[in-house]
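What follows is the residue order along each chain.
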Amino acid sequence: MHFIVKQTGVGGERIGHLTDFVKIPGTILETPTAALFTQGGSVVHLTADVLSWVFCSPQLLWVPLSNSIQLEIGVKVQNDGVAKFAGLSGHATCVTLNNLSEVTPSGHFEPNKVPLWTKNGKKMISANRYMDVMEIFKPDIILAIADGRTSLAEGNKRVSKAVDRTKQMLKECLDRYKASKDLQSSMLVGVIVGVANSRKFDESIQNILNHVNTLGGVALEGITDGTEESMDVEIDKLKEVFEKIGSNLPKDLVYIIEGCWNPAVILSAIEYGWDIFDGSYPVKLTNAGVALKLNFDVTKENDTMYLLDMIDERYKEDFKPILEGCECLACKKHTRAYIRHLLNTREMLASVLLSIHNLHHFDQFFRHARQHIASKTFATFKQHITKQCEMLKTFAPDRYKGLNGALEKPTLQKNKKIRVSDNVNSNIDCNSCT
Amino acid sequence: MSTSKALSFKIQSECSTSRARVGRMKLPHYTVNTPVFMPVGTQGTMKGILPDQLENLNCEIILGNTYHLGNRPGVDVLKKAGGLHRFMNWNRALLTDSGGFQMVSLLKLAEITEEGVKFRSPYDNSEIMLTPEKSIEIQNYIGADIIMQLDDVVQTTFQDYDRIKEATERTSRWLDRCLKAHKRPEEQNIFPIVQGLLNPELRKQSALEHMTKDVNGFAIGGLSGGEAKDDFWPMVSLGTEILDKKKPRYLMGVGLAIDLVICVALGVDMFDCVFPTRTARFGCALVNKGQLNLKQKQYETDLNPIDKDCECATCKNYTRAYLHCIVSVETVACHLISVHNIAFQMRLMRTMRENITNGTFPKFVKDFVNEVYADKNYPSWIINSLQSVGINIIETYFLILYNNTITSYLIQIKKICILC
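Each protein sequence line maps, in turn, to chains A and B.
Heads up, the first sequence stops at 448 in the numbering used here, and the numbers go up one at a time, no gaps.
Heads up, the second sequence stops at 418 in the numbering used here, and the numbers go up one at a time, no gaps.
Everything labelled a hint here was simulated from the structure, so no lab data went into it.
A portion of the hints provided could be inaccurate.
[As the list claims (entries may be wrong)] Restricting the straight-line Cα-Cα distance to at most 25 Å, the calculated cross-link-like pairs of lysine-lysine (DSS-like) are: (1) K78(B) / K334(A); (2) K132(B) / K330(A); (3) K78(B) / K347(A); (4) K77(B) / K90(A); (5) K136(A) / K390(A); (6) K77(B) / K347(A); (7) K90(A) / K133(A); (8) K346(A) / K78(B); (9) K298(A) / K347(A); (10) K306(B) / K330(A); (11) K295(B) / K330(A); (12) K185(A) / K127(A).
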């Protein structure tokens, strides 16, 4: 798998191509882009056939091991990679350790092992074990195992250990990677961690630089530990981080950023040359019952919110689509009132329809970003979108502080976990068949 | 014939042995091929499945529950949306129940009087009276192609004769009130419900009474409520024998594969049940022999589809091993198994229609029963019910071994003969 920068913009933003996928020859994935976030190997809430109605071309799947390690035995027996096993052959995969946007309990660490938080609890995992799974999963992109779950407020001792541990584990990953026949067509990506401590941050960057000949890309962790507070980072602070990485590392690497960032932050990252995002943002919106509705037309002033809390009473009799003119199946065929009803009755179709819309719209967002990079008007687009994100902060600060505010609402919190076990089994289904 | 044009039913072919028949039921929104299974979309949605997916699964008619829809989204919203078809964007046929069943099954505080069913709203605790008129009014707003009369529901295993008699007769009185209250007879069909629980006399009386009404089809209710199968089938048989053969007959709440096969043989045209979608949410996938509980460890490395002969999107793309990993964890697992289970029901009904048309239905039934009961240990109700419509699944020699069952069978036959 290869990454090529095709075109650069006025700032650091660029258009790139991911090519040479072994299983999907001829496919080119354009960057900047967001991956499709998966759980248990499936795009959250969507079966393969419904997904094919949202995207007709191959996509990059984001596969955190924390929610997919249970697939290991089956993938191994089938011996054709994780995408095929999950019914999504024809798509590319990027595997990482944890879902960075998820809050996990803190716990003790062991030397050269990091915790993998699965639905069955914590598993300590070494670099060797991680690479064992990679040989089975056969992803197109492997994010090296790292201790990246630290926020910018994290103490020096913890950050220091995180950087040291990540350094040691990267070395082990590289050894395995170089020795493995199976992984030669995969791209190994080094992970920067420990951003909270400037000296250790430098060390982490230097550590990537040391192996830059083998690594195909760089990923950024060590900013957030998954909590809402840690995600609430000033854009200026992030820009400093981007600046430092960008000025120290070569431009031909693919730049991947993890975490649930809002569109304004994403555009800032793109401006500094970041190429791939993990796709957790639209999933979190969906699980919170929120629809994304950005105005992409830079010639039109926007006067409505870019996030709709779909369970709100105001949509009860609103027979318009989520977004007028939107080409997604949810907007072409269904109304706000119907989606509101489905949320209100906690029906699973609500998440399906919101996923369809949010994934489509988020994809459109990146499509527009790429167009503006190509036509050298990215700054205008960024300003246009950023304004919409800021408007939400001004008008409803406690309600939507970015996305994270929305998730703090207790009612939304409830909807957030649409897990089969809670939702489905307890549902009293009433019919004449008893 | 009924004076309303909202339904026309044409029988296309009949089994020369059993009472099974294939028909085409033309409804305002769609023409439905019978015998048909109708999946249940309780609250205006089929548990995580898009209407487009249902069309791809060849669903021709689905159910909505009046009680649930009347509460949420509520009549006002449905009225403004232009009915449930438009609200949920389902362009094929719909059927709604009367809401009476939920009152009794869900609400302990329900009190049934001649006027209607009185109960406390679980939403705001206010006292609500659901009358036959009210039920039809709501169903008129929902706008389904087929709507059900409000019936006086008594639990199937209930024993008190006087109460059963009262319920049966009241159901007939409520039918008159429903028919009178019906505002959209040109677009919607009211089906009366034959009641009488397990009492053949009352059932016969109920069926004969309903036969005198100006209606386009009938439902057989009050069954599938935990009664013994040996008690169940004679009531179905009694219904299909008395009810007008030119009109569709709908057996409420039945959806297990073996039950569908037997009841099609007994002459039933329509079925509904939550079972296929409900069992899917517990990780159970339907196959001819019963169901696979995909949670079981034996499927961990099983790279087969749920059913290699199934053409559904799930079987074409997913293995049992994968479903095993995500079952009861990811919503996608629910959707995938629901899709398969609905496909399974649709395929079973289609296969039956084809066999009836081709004149091979009795053989199909025998093969099916043999597949389900590979050990040949047939339950008596299956032997007897099929025997009653001329399908012998066991040789005469074996019949002797089933002496006891035959005795009870003869008694039942006698009962029916006396009645008819």
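### Task
Verify the proposed pairing of K90(A) with K133(A), using a straight-line Cα cut of 25 Å.
21 Å, holds
### Message
Check whether the Cα positions of K136(A) and K390(A) lie no farther apart than 25 Å.
### Response
47 Å, violated
### Query
Straight-line Cα separation of K306(B) and K330(A) no greater than 25 Å?
44 Å, violated
### Query
Does K295(B) pair with K330(A) here, judged by a C-alpha cut-off of 25 Å?
45 Å, violated
### Query
Is the hinted pair K185(A) and K127(A) satisfied, with a Cα-Cα distance of at most 25 Å?
13 Å, holds
### Task
Assess, step by step, whether the Cα of K346(A) is no farther than 25 Å from the Cα of K78(B), and give holds or violated.
19 Å, holds
### Query
Is the straight-line distance between the alpha-carbon of K298(A) and that of K347(A) 25 Å or less?
23 Å, holds
### Message
What's the verdict on K78(B) and K347(A), does the C-alpha distance respect the 25 Å limit or exceed it?
### Response
With Cα atoms ~17 Å apart, K78(B) and K347(A) stay inside 25 Å; holds.
### Query
Taking 25 Å as the top limit, are the C-alpha atoms of K132(B) and K330(A) close enough?
23 Å, holds
### Message
Next pair to validate is K77(B) with K347(A); report whether the Cα-Cα distance is within 25 Å.
### Response
Given that 25 Å is the threshold and the Cα spacing comes to 19 Å, the pair holds.
### Message
Tell me if the straight-line CA distance from K77(B) to K90(A) falls inside 25 Å.
### Response
Violated, because 54 Å separates the two Cα atoms, which is more than 25 Å.
### Task
Assess, step by step, whether the Cα of K78(B) is no farther than 25 Å from the Cα of K334(A), and give holds or violated.
Roughly 13 Å between the alpha carbons, so the hint for K78(B) and K334(A) holds.
Consistency with the previously given hints fails for numbers 4, 5, 10, 11, ordered from lowest to highest.
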